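> Sequences are here, hints too, so could you generate the full structure?
Chains as they are written, first to last, in numbering that gives the first Met the number 0: chain X, 0 to 161; chain E, 0 to 709.
Hints are computed from structural coordinates only; laboratory data are not their basis.
Fair warning: this is a prediction, and the values are worked out from it, not measured in the lab.
Glycine is no exception: its CB is placed at the ideal position from the N, C-alpha and C atoms.
Among the hints, a few may not be true.
What follows is a list of derived Cβ distance ranges for each label pair [to be verified]: (1) X:Asp80 - E:Glu656: 30 to 40 angstroms; (2) X:Ala154 - E:Ala132: 39 to 49 angstroms; (3) E:Asp640 - X:Ala154: 39 to 49 angstroms; (4) X:Ala154 - E:Pro345: 58 to 68 angstroms; (5) X:Gly121 - E:Gly381: 53 to 63 angstroms; (6) E:His378 - X:Leu40: 26 to 36 angstroms; (7) E:Met703 - X:Ala150: 37 to 47 angstroms; (8) X:Ser64 - E:Gly166: 50 to 60 angstroms; (9) X:Ala150 - E:Pro345: 48 to 58 angstroms; (10) E:Arg534 - X:Asp80: 44 to 54 angstroms; (11) E:Glu123 - X:Ala150: 28 to 38 angstroms; (12) E:Gly553 - X:Gly121: 24 to 34 angstroms; (13) X:Asp80 - E:Gly166: 25 to 35 angstroms.
No farther apart than 25 angstroms at their CA atoms in a straight line, the calculated lysine to any residue pairs in the SDA-like style are these [unchecked claim]: (14) X:Lys129 - E:Asp638; (15) E:Lys224 - X:Asp23; (16) X:Lys129 - E:Glu649; (17) X:Lys117 - E:Arg646; (18) X:Lys129 - E:Arg389; (19) E:Lys217 - X:Ala16; (20) X:Lys81 - E:Ala176; (21) E:Lys224 - X:Ala19; (22) X:Lys117 - E:Glu652; (23) E:Lys550 - E:Ala525; (24) E:Lys224 - X:Ala16; (25) E:Lys591 - X:Asp91; (26) E:Lys588 - X:Ser119.
Part of the chain E face toward chain X, derived, beta carbon under 10 angstroms [what the hints assert, rightly or not]: (27) Ile41; (28) Ser168; (29) Gly180; (30) Ala182; (31) Arg188; (32) Ser307; (33) Gln387; (34) Asp605; (35) Asn609; (36) Gln610; (37) Ile615; (38) Asp638; (39) Glu649.
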Amino acid sequence: MAIAFTVNGQARQVAAAETATLLDVLRNHLGLMGTRYGCGLEQCGCCMVLVDGRPVHACTREVGSVAGRLVVTVEGLGSADKPHALQQAFLDEQAGQCGYCLSGILISAKALLDGNPKPSRGDIVAALDKHLCRCGSHQRIVRAVERAANAMNGAKQTGRAA
Amino acid sequence: MSGAPPAAPALLASLVENPRLDRWIHFDADRTVRIATGKVEIGQGVVTALGQIAAEELDLPFDRVRILSGDTAHGPDEMYTTSSQSIEMSGGSIRLVCAEVRSKALERAALRLNCSRDDLTVAEGRFLQNGQATGQDYWTVAGEIDFSQPPTGSAPVKPAASYRLVGRSVPRVDLPAKLTGAAFIHDFRPGNLVHARVLRQPNRGATLASLDEAAIAKAAKGELKIVREANFVAFVSPAESVAQAAAAAAPLHAKWSNVRRILPAQQEAAWLKGQPSEDRLLGAPAPAAAPRRPVEFTVSRPYVAHASLAPSCAFAEWRDGHLTVHSHGQGMHPLRRNLADALGVPADAITARHLHGAGCYGHNGADDAALDAALVARHLPGKCVRLQWRREEEFGFEPVGTAMLVTLKVDLDEKGRPADWTTEIWSGTHVQRPGMGAGYLLGSEALANPPPEVKPTDPPEARGGGGTRNSVPLYDVAAHRVVHHLVQRPPVRTSALRGLGALPNVFAIECLMDELAARANEDPVAYRLSILSERRGRRLVELVAERSNWKARGSAGSGKGLGMAFARYKNRAAYCAVAAAVTVEETVKVDKVWCVVDAGLVVNPDGARNQLEGGIVQALSWTLKEQVRFDEQGIASLDWDRYPILRFSEVPEIAAELVADDGNPSLGVGECSVGPTAAAIGNAVAHALGVRIHDMPLSRERIMAALLRT
Chain X
0 MAIAFTVNGQ ARQVAAAETA TLLDVLRNHL GLMGTRYGCG LEQCGCCMVL VDGRPVHACT
60 REVGSVAGRL VVTVEGLGSA DKPHALQQAF LDEQAGQCGY CLSGILISAK ALLDGNPKPS
120 RGDIVAALDK HLCRCGSHQR IVRAVERAAN AMNGAKQTGR AA
Chain E
0 MSGAPPAAPA LLASLVENPR LDRWIHFDAD RTVRIATGKV EIGQGVVTAL GQIAAEELDL
60 PFDRVRILSG DTAHGPDEMY TTSSQSIEMS GGSIRLVCAE VRSKALERAA LRLNCSRDDL
120 TVAEGRFLQN GQATGQDYWT VAGEIDFSQP PTGSAPVKPA ASYRLVGRSV PRVDLPAKLT
180 GAAFIHDFRP GNLVHARVLR QPNRGATLAS LDEAAIAKAA KGELKIVREA NFVAFVSPAE
240 SVAQAAAAAA PLHAKWSNVR RILPAQQEAA WLKGQPSEDR LLGAPAPAAA PRRPVEFTVS
300 RPYVAHASLA PSCAFAEWRD GHLTVHSHGQ GMHPLRRNLA DALGVPADAI TARHLHGAGC
360 YGHNGADDAA LDAALVARHL PGKCVRLQWR REEEFGFEPV GTAMLVTLKV DLDEKGRPAD
420 WTTEIWSGTH VQRPGMGAGY LLGSEALANP PPEVKPTDPP EARGGGGTRN SVPLYDVAAH
480 RVVHHLVQRP PVRTSALRGL GALPNVFAIE CLMDELAARA NEDPVAYRLS ILSERRGRRL
540 VELVAERSNW KARGSAGSGK GLGMAFARYK NRAAYCAVAA AVTVEETVKV DKVWCVVDAG
600 LVVNPDGARN QLEGGIVQAL SWTLKEQVRF DEQGIASLDW DRYPILRFSE VPEIAAELVA
660 DDGNPSLGVG ECSVGPTAAA IGNAVAHALG VRIHDMPLSR ERIMAALLRT
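Have a look at this one:
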């Protein structure tokens with residue numbers, strides 16, 4: 000059956016079972032490979048996406064439950080040519096080694112900054128604690144989120160002043 | 000000094016093994032140059048660093064260099080990407096090849112311009128004559144160079160003082176894709192794609208008594224093909240979810256005979272002692288006299304996992320008798336040979352290409368997944384088979400880092416310094432990479448004619464050793480020997496994990512150093528310096544003490560601890576000293592880590608710091624939290640709840656610093672921080688508690704037990 004929802008601002012319809020996982024639909028039906036499989040158990044965070052602005056594990060989320068909702072994946076943040084402030088900050092800090100965990104972490108960071116534009120370091124750590132990084136890039140990742148928050152706040156202030 | 004000319008330096012092994020310039024360098028029509036390497040990107044930034052070396056030596060803009068990494072069709076065979084050797088070996092080779100090609104290109108241009116070679120220089124890839132543009136560059140003359148010639152390694156390389164790219168923190172070229180979408184082998188989507196999963200044979204020798212294919216097909220809920228070959232079973236479908244569902248249901252519907260049972264107690268390092276082993280004595284003969292002031296000190300490390308964040312994945316396609324494989328393994332040429340052996344086909348019937356995977360930190364399931372994919376593909380010619388391991392398969396069937404038990408027996412002189420030193424090691428093998436001694440690809444055990452069981456071996460001392468890696472202390476000790484018990488039959492498959500035996504051995508040596516200092520009633524830093532003549536090592540010990548404000552270190556047993564440790568990786572790669580501040584209550588909280596490293600010439604300082612930080616976090620995780628757990632069936636820690644690793648809330652602030660190179664050549668840096676980090680934590684926890692914990696991980700149970708002893 001067809002399930003309709005919005006992905007990265009575009010209305011999409013997929014022919015999939017309602018019980019199919021959102022992760023499977025994003026990757027294998029919609030070709031959005033930035034959402035990654037790590038464990039299928041909600042334990043690692045590699046598959047994190049936003050559903051109506053909230054971070055959820057796509058590996059276990061049934062696609063039927065997102066009908067009519069707004070889904071955002073890492074591709075919806077920005078591209079290599081036009082990176083989101085968060086992606087740019089991760090590049091500026093070289094926050095990553097193998098990079099497999101990063102797309103999920105970017106999603107949780109986006110949710111954090113949307114609700115809390117000036118997070119403390121503790122807020123950032125708490126928001127990312129459900130994510131695993133095996134390479135040990137944690138310190139750079141936290142710094143990158145701080146940098147993005149500062150950049151986004153600076154941009155807002157500049158916008159107001161202008 | 001005699002007047003004889005110095006002998007020509009031996010050509011790097013990679014150049015000897017790949018004696019054609021065109022295996023290394025190719026000028027493409029789009030005015031880029033393709034530099035090929037046998038080493039592969041595993042998150043360590045090597046593709047970026049090798050590009051810097053090539054662009055530097057050719058005097059090209061960085062963005063004109065493209066790196067072809069891990070490709071049996073076009074690139075060199077440099078075995079595996081291991082042992083922190085990529086910059087020294089592949090980087091050194093690329094530097095010599097580029098210097099040689101630059102020299103040949105300038106010779107050709109000088110002929111064309113009817114000028115002296117010495118009048119020509121290269122700026123941003125353009126050839127200048129006495130500073131003026133000539134219209135000549137690499138691409139105008141490349142057709143006149145015979146790239147089938149062997150590299151001689153004789154062309155002069157640029158002096159380090161003139162470097163403009165090497166030594167700069169060039170951003171990673173592969174990171175933008177990884178932050179924005181498809182970037183990994185898992186994301187590759189060629190035509191004729193089918194998805195596959197495996198039902199793993201529980202152990203070598205287990206035979207499949209029955210398989211209820213109908214029940215599995217029913218659970219899979221979609222188009223499914225079951226591929227069977229002896230005891231190898233795979234589930235194939237155009238839909239990934241169907242293959243996954245079949246594999247998830249399969250264990251319930253499979254009955255195996257000859258299933259091996261192991262004992263959970265075998266998960267402890269202590270089990271190794273007394274098992275059948277191959278024994279070696281390295282170094283000084285046993286002392287003639289009885290020890291006067293003997294000290295014995297034993298530490299252990301359990302089995303630990305690579306625990307890559309992504310399950311292993313591979314692609315294979317048989318077409319017209321040729322097999323094309325894509326893999327995230329650490330060496331494509333060795334993979335091709337191993338696949339050829341397992342499949343009974345000539346190596347030149349196989350092309351193996353590398354695609355990026357998640358960090359592996361050593362020999363995990365990547366190569367095995369490639370054979371699995373090839374076995375399935377052989378039954379489905381013309382289909383491109385994407386085979387991915389399941390999460391529990393990755394934890395349950397990847398080779399793990401071996402447990403180790405290390406006993407140090409030292410005899411002290413009258414000043415409390417070690418005069419005689421014996422290191423005794425009990426360990427499984429650290430390397431069962433197929434084609435490097437003891438190993439073969441896992442899936443071949445399930446075939447009709449499995450390869451013979453191979454006697455385990457360990458890397459030779461010339462390659463840094465395995466269980467013996469870093470077992471020789473760098474301190475001034477008159478007589479030293481190593482007794483190595485290579486345990487023949489560990490209960491699980493073991494193979495290379497970042498640093499091999501370095502972590503347990505450095506943990507042993509450096510924790511003992513603190514114990515000996517305490518016996519002598521001396522400060523641990525001062526005690527080390529009193530027996531450390533090695534100049535580059537002394538500099539780091541002094542520096543890490545300064546950085547960590549060692550002189551303000553409090554008394555032992557306060558719950559707050561500061562510890563330090565030092566080692567030179569493999570006793571021949573980078574030097575590293577680490578200090579760690581901890582707070583210990585029921586568990587260990589690491590407050591801060593300082594790390595200082597002498598790696599000689601560093602090609603990409605930020606990339607090297609990133610590696611140091613990563614090694615520190617991984618070593619903290621191993622030391623504080625990790626142990627592979629067994630049940631009767633084998634490995635039982637099959638998910639992240641049962642195999643927890645260090646989290647964001649547990650990672651300390653880390654200050655990693657590279658000291659000036661003083662003109663010294665590059666030393667491998669990727670693994671140097673793991674041993675000193677583990678030992679610094681061991682010493683910091685001992686300082687905090689006033690009592691030492693000898694066995695890793697330094698878990699809550701062990702802390703509580705230690706507190707009861709105080």
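> All hints, please: hold or fail.
Taking the hints in turn, this is what the structure says about them:
no.	hint	in the structure
1	X:Asp80 - E:Glu656: 30 to 40 angstroms	35 angstroms, holds
2	X:Ala154 - E:Ala132: 39 to 49 angstroms	43 angstroms, holds
3	E:Asp640 - X:Ala154: 39 to 49 angstroms	40 angstroms, holds
4	X:Ala154 - E:Pro345: 58 to 68 angstroms	60 angstroms, holds
5	X:Gly121 - E:Gly381: 53 to 63 angstroms	56 angstroms, holds
6	E:His378 - X:Leu40: 26 to 36 angstroms	31 angstroms, holds
7	E:Met703 - X:Ala150: 37 to 47 angstroms	45 angstroms, holds
8	X:Ser64 - E:Gly166: 50 to 60 angstroms	53 angstroms, holds
9	X:Ala150 - E:Pro345: 48 to 58 angstroms	56 angstroms, holds
10	E:Arg534 - X:Asp80: 44 to 54 angstroms	49 angstroms, holds
11	E:Glu123 - X:Ala150: 28 to 38 angstroms	32 angstroms, holds
12	E:Gly553 - X:Gly121: 24 to 34 angstroms	26 angstroms, holds
13	X:Asp80 - E:Gly166: 25 to 35 angstroms	29 angstroms, holds
14	X:Lys129 - E:Asp638	15 angstroms, holds
15	E:Lys224 - X:Asp23	20 angstroms, holds
16	X:Lys129 - E:Glu649	12 angstroms, holds
17	X:Lys117 - E:Arg646	22 angstroms, holds
18	X:Lys129 - E:Arg389	21 angstroms, holds
19	E:Lys217 - X:Ala16	16 angstroms, holds
20	X:Lys81 - E:Ala176	12 angstroms, holds
21	E:Lys224 - X:Ala19	20 angstroms, holds
22	X:Lys117 - E:Glu652	21 angstroms, holds
23	E:Lys550 - E:Ala525	11 angstroms, holds
24	E:Lys224 - X:Ala16	21 angstroms, holds
25	E:Lys591 - X:Asp91	24 angstroms, holds
26	E:Lys588 - X:Ser119	20 angstroms, holds
27	Ile41	7 angstroms, holds
28	Ser168	8 angstroms, holds
29	Gly180	4 angstroms, holds
30	Ala182	7 angstroms, holds
31	Arg188	7 angstroms, holds
32	Ser307	6 angstroms, holds
33	Gln387	8 angstroms, holds
34	Asp605	6 angstroms, holds
35	Asn609	6 angstroms, holds
36	Gln610	8 angstroms, holds
37	Ile615	7 angstroms, holds
38	Asp638	6 angstroms, holds
39	Glu649	9 angstroms, holds
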